[in-house]
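Novice: Knowing the structure of chain W, use the given hints to seat chain X on it.
There are 2 protein chains.
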Amino acid sequence: MKKNLNISARERNDLIAAENRKQLYEHGIFTVNIIGSPGCGKTSILEYTASHFDEKFAVIIGDVKTALDSDRIIRTGQKNAYAIETGGGCHLSAGMIGEKIEEMDKKDIDYLFIENVGNLVCPSTFDLGENLKIAVLSVPEGDEKVRKYPALFIRAAAVIINKIDLLEYMDYDIQRVKEDCRAHNPKVKIFETSVKTGKGLDDFFDYLKEQRKYF
Amino acid sequence: MKKNLNISARERNDLIAAENRKQLYEHGIFTVNIIGSPGCGKTSILEYTASHFDEKFAVIIGDVKTALDSDRIIRTGQKNAYAIETGGGCHLSAGMIGEKIEEMDKKDIDYLFIENVGNLVCPSTFDLGENLKIAVLSVPEGDEKVRKYPALFIRAAAVIINKIDLLEYMDYDIQRVKEDCRAHNPKVKIFETSVKTGKGLDDFFDYLKEQRKYF
Chain W
2 MKKNLNISAR ERNDLIAAEN RKQLYEHGIF TVNIIGSPGC GKTSILEYTA SHFDEKFAVI
62 IGDVKTALDS DRIIRTGQKN AYAIETGGGC HLSAGMIGEK IEEMDKKDID YLFIENVGNL
122 VCPSTFDLGE NLKIAVLSVP EGDEKVRKYP ALFIRAAAVI INKIDLLEYM DYDIQRVKED
182 CRAHNPKVKI FETSVKTGKG LDDFFDYLKE QRKYF
Chain X
2 MKKNLNISAR ERNDLIAAEN RKQLYEHGIF TVNIIGSPGC GKTSILEYTA SHFDEKFAVI
62 IGDVKTALDS DRIIRTGQKN AYAIETGGGC HLSAGMIGEK IEEMDKKDID YLFIENVGNL
122 VCPSTFDLGE NLKIAVLSVP EGDEKVRKYP ALFIRAAAVI INKIDLLEYM DYDIQRVKED
182 CRAHNPKVKI FETSVKTGKG LDDFFDYLKE QRKYF
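Sequence lines, in order, name chains W and X. One point on numbering: in the numbering used here, the residue at position 3 of the first sequence is 4, and numbering is uninterrupted. One point on numbering: in the numbering used here, the residue at position 46 of the second sequence is 47, and numbering is uninterrupted.
Where hints are given, some of them may not hold.
Going by beta-carbon spacing under 7 Å, a handful of chain X positions derived as facing chain W [to be verified]:
no. : residue
1   : P39
2   : G40
3   : K66
4   : N120
5   : P141
6   : E142
7   : E145
8   : R148
9   : Y150
In the EDC-like style, the derived pairs of lysine to aspartate or glutamate whose C-alpha atoms are separated by at most 16 Å in a straight line are [unchecked claim]:
no. : chain 1 : residue 1 : chain 2 : residue 2
10  : W       : K197      : W       : D172
11  : X       : K66       : W       : D144
12  : W       : K66       : X       : D128
13  : W       : K80       : W       : D55
14  : W       : K197      : X       : D172
15  : W       : K66       : X       : D144
16  : X       : K66       : W       : E169
17  : W       : K66       : X       : E145
18  : X       : K197      : X       : E169
19  : X       : K197      : W       : D172
Worth flagging that the hints you see were computed from the coordinates, not collected in a lab. This structure is a prediction, so every number in the text was calculated from the model and none was measured. Ideal Cβ positions, reconstructed from N, Cα and C, are used throughout, including at glycine.
One chain only, chain W, in its complex shape:
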């Protein structure tokens, strides 16, 4: 895209996001933007997905520094894993994703999972060209995160409450969390998951397949 000096950085992002979305749609690739705090389990969910989701997909993983997370995905045998090192940047942008889409072998891919930079604030409002935003919460973070970081939960179509195997060791009011999610988005779909036990992840995969039918 030519640089147009009359538009803001945000408008430019949104234009590139629209181009990404169009291109992904033309290739039949349903795209999910996964957002959550550092350490909430985004990469672990994608590792589990790599070995349990019986569909063809690619993964783009953003980190401030290192390609540790994409290496974890590649080790599962998943070849379509791409790393973006933002070099300090606190969120992925549509431009960064656009470059990876160019690079990617788009044939025989039905889903694209984008793991955003670990950050509950900045990635929330940047469109990358995805079809769905998915928020990941984790039990040890505490049960008030939805109230404190509303921007993400207004926009997320689904929320994954991860590490529920730790519920028994923590004081975590999961009903309150679900109510807070619904207060921001009455139609939100909520999954309670544990990568350790696999709980809830099949339901999540079924949800993705269902969503792809209508995109």
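Specialist: Okay, now just chain X, sitting in the frame of chain W:
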């Protein structure tokens, strides 16, 4: 401060930070900027501090939305607690802190704890006028955070590894975390803490008292 259109927002922040630092110094107030992910335990550490640190201090707590955290501190009986709601902003700025310093009763205060917005990226490089930056990590976040978010660990004088009571339930290589911290800052002071058991927090308080002597 008069608005000077010839300087960048960052330079403006740093000028205000320098003013904050000077003003706090003149009142003998030693100031700590506490930075960590959402849910790493920043507020819980300050709650514990409110009931166990035998010095006179004030607290400023930043959140994107809500004053839930400062309410938690006020409930401990601590009167000098101030909330900043950034309304979407992903870090505190020196200007926001400057306003609270104006408002604050600075007599008989020896320490100021600033709890930054829960975010391991954006707050790292913004000077607020503090004397020390302290990073808070938490065991359930996983042991690779120092490598992935270097900007904070280059700048933090001390690192608190919190929720160590959960070590027995997790695969967390604490030696690796400490080595990564020292790779970024060989002189870093590291504390292993649990707010549940109180472990490590007295050492942290002793460290603060020692630091205040020389500021």
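Novice: Evaluate each hint against the coordinates.
Specialist: Okay, the hints, checked on the actual structure:
{"no.": "1", "hint": "P39", "in the structure": "holds (5 Å)"}
{"no.": "2", "hint": "G40", "in the structure": "holds (3 Å)"}
{"no.": "3", "hint": "K66", "in the structure": "holds (5 Å)"}
{"no.": "4", "hint": "N120", "in the structure": "holds (6 Å)"}
{"no.": "5", "hint": "P141", "in the structure": "holds (4 Å)"}
{"no.": "6", "hint": "E142", "in the structure": "holds (3 Å)"}
{"no.": "7", "hint": "E145", "in the structure": "holds (6 Å)"}
{"no.": "8", "hint": "R148", "in the structure": "holds (5 Å)"}
{"no.": "9", "hint": "Y150", "in the structure": "holds (5 Å)"}
{"no.": "10", "hint": "K197(W) <-> D172(W)", "in the structure": "violated (20 Å)"}
{"no.": "11", "hint": "K66(X) <-> D144(W)", "in the structure": "holds (15 Å)"}
{"no.": "12", "hint": "K66(W) <-> D128(X)", "in the structure": "violated (22 Å)"}
{"no.": "13", "hint": "K80(W) <-> D55(W)", "in the structure": "holds (15 Å)"}
{"no.": "14", "hint": "K197(W) <-> D172(X)", "in the structure": "holds (12 Å)"}
{"no.": "15", "hint": "K66(W) <-> D144(X)", "in the structure": "holds (15 Å)"}
{"no.": "16", "hint": "K66(X) <-> E169(W)", "in the structure": "violated (28 Å)"}
{"no.": "17", "hint": "K66(W) <-> E145(X)", "in the structure": "holds (11 Å)"}
{"no.": "18", "hint": "K197(X) <-> E169(X)", "in the structure": "holds (14 Å)"}
{"no.": "19", "hint": "K197(X) <-> D172(W)", "in the structure": "holds (12 Å)"}
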